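Asker: Work the whole structure out from these sequences, hints included.
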Amino acid sequence: MSVLLVRHGGSAVHIKNGYANIPLFREAVSAGFPSPAEDYIEQSLDLNEHCIKRPAATFFVRVQGDSMIDAGIYSEDMLVIDRSIPAAHGDIVIAGLHGEFTVKELQLRPRTCLMPKNKAYSPIDIPEGSELDIFGVVTHVIRNLRQK
Amino acid sequence: MPEPTFALVDCNNFYASCEKLFRPDLKQRPLVVLSNNDGCVVARSKEAKALGIKMGVPIFKIRHELRQHNIAVFSSNYTLYADMSARVMRTLEEMAQRVEIYSIDEAFLDLTGTQSLLDNSQFGQQVRQIIGDWTGITVCVGIAPTKTLAKLANHAAKKYPATQGVVDLSDRQRQQRLLGLLPVDEIWGIGRRLGLRLQQMGINSALDLANANPKNIRQHFSVVVERTVRELNGESCIDFEELPPTKKQIVCSRSFGERVTSLQEMREAICKHSARAAEKLRKEKRYAKIITVFIRTSPFNAQQPQYANSLSGELSVPSDDSRDLINQAIRLLEHIWRDGYAYAKAGVMLSDFYEPGVYQPDIFDQQPNGKGRRGHKESQALMSTLDKINRQGKSKLFFAGQGVKNSSGTKSWVMKREHLSPAYTTNWNDILKVK
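Protein chains in written order, with the numbering used here: chain A, 1425 to 1572; chain B, 106 to 540.
It is possible that part of the hints are untrue.
[Stated by the list, open to error] DSSO-like cross-link-like pairs, simulated, lysine-lysine; straight-line CA separation at most 30 Å: (1) Lys394(B) to Lys450(B); (2) Lys1543(A) to Lys540(B); (3) Lys1477(A) to Lys388(B); (4) Lys1477(A) to Lys394(B); (5) Lys264(B) to Lys166(B); (6) Lys540(B) to Lys1541(A); (7) Lys1543(A) to Lys538(B).
Hints in this document: simulated from the structure, not taken from any laboratory.
Values in this document were obtained by computation on a predicted structure and should not be read as measured data.
Answerer: What follows is the structure, encoded as structure tokens:
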């Protein structure tokens, strides 16, 4: 089977036999925190460094709805999206579907579908031979626990 | 010496693409972006181009087409475009050692001597794919031994879909073939008027110009056009500029949403432009000595009485303090203001720039102990606090002279932007909603 997985606004990645051909452009990323400077200047921890590996490819979105609560994603949560990550089986992704953006788990096996994480919702099958618009891969959830 | 190699990366339909990225419902729809005050079309999606909507056409002339083809219309959202542009440029900087940002949607890469396992076309395709994946913006890439040829290669990459958005013009024969296909006024820096003069000399195609005698061209035109001839022949003459040259002047001006007829409203507008210009000046780390204020009625409205004037004034010492610049600008405005006109545009220009510490201080302005008529340090501290607060969100702190909103919540001189999209990437309240 073959489904064309389209990066929304980006390039197309062909999936054959349920596996995505992931482009090989992954340069070494300096993850984690910078090494301490030679002198002991006080260093504050920057949450951006922790959540954002590639600022140029990072976008934020806000969730509306409860289709992903079993994945720990609730309405009003803020999500960090990294478009530089090629979407793979099991990733939580933002997809453009019927003219709006939706957050779901991407499943490529045994067939391509967008899986809600809430039993009240049914999976959204992506018919063979059609296009699926992926805006980006969700990397973090940010929720204010006091202001609800 | 390795062969010079340049790539020109140019975003396709940039403003339209920025708008579409955040609106999956508009994926297939034609879309246009309007100029300031929603006047003319300044960007078109490929669907709008296919419908024959022309660049620069006033919106009122295409009302019918907009309705007939259900064309989506947006006001210019420069906040969004600037952020998306920065993302594209930042990504390019990861892919090439030297990047010259040429405009909001174009950049030259210097690939000279780059040890790469990829050939030029493969590299171009990789740039295209990474920019597309990371930022959602589609780009075309032209690669050649000179900047002028890289521009032409990019033009070809845009024009001919079979190129898949990348044209490598390293090969002399390919250069010649493409030059033969393109009219002379498609060449970077030639333009329509110069093109006409060249055509009168029998130079019609880009290839004709490439084959012209450089000395002859210099005699008839200029050393600049001669340089273009050399560049078309693969001789790199135009320098690569990584750092943008320091600005020589700063202009802040706007057409008014509605005509301005009262001095009070005009004062507010000039005050706001001065404050904005001062902010830009501080960002450039410069001091200005000369400030110019200009106002005018609409030249397109021949029935109404016309008036236009401008006046420049000199500060006693160069300054980057918003208060100095605003005071001077208001004084200048009051000199040129005439009642009884419907003003369409006003602006402020700063010029005669100085680097910090290079100018001759006014003996009344500054004393060695830092105390003076008004302390320099105090001014610096106040302005940097002002800028810091305002960086966190546009115009939180402003000068009273800019006026406060009237009862309807808008000022008549504010730009008309009725179709403005949200600031998806720069304002927490505007970020995308997903279900």
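Asker: For every hint, state whether the structure bears it out.
Answerer: Hint check results:
Restraint check: the Cα-Cα separation between Lys394(B) and Lys450(B) comes to about 24 Å, which is no more than 30 Å; the hinted pair holds. With a C-alpha separation of about 16 Å, the suggested pair Lys1543(A) and Lys540(B) falls inside the 30 Å cut-off, and the hint holds. Between Lys1477(A) and Lys388(B) the CA atoms are separated by roughly 27 Å; this keeps the pair inside 30 Å, and the hint holds. For the proposed pair Lys1477(A) and Lys394(B), the alpha carbon gap of about 44 Å is over 30 Å, so the pair is violated.
A C-alpha spacing of about 27 Å is found between Lys264(B) and Lys166(B), which places the hinted pair at or below 30 Å, so the restraint holds. Between Lys540(B) and Lys1541(A) the alpha-carbon distance is near 12 Å, which keeps this suggested pair within the 30 Å criterion. Between Lys1543(A) and Lys538(B) the alpha-carbon distance is near 22 Å, which keeps this suggested pair within the 30 Å criterion.
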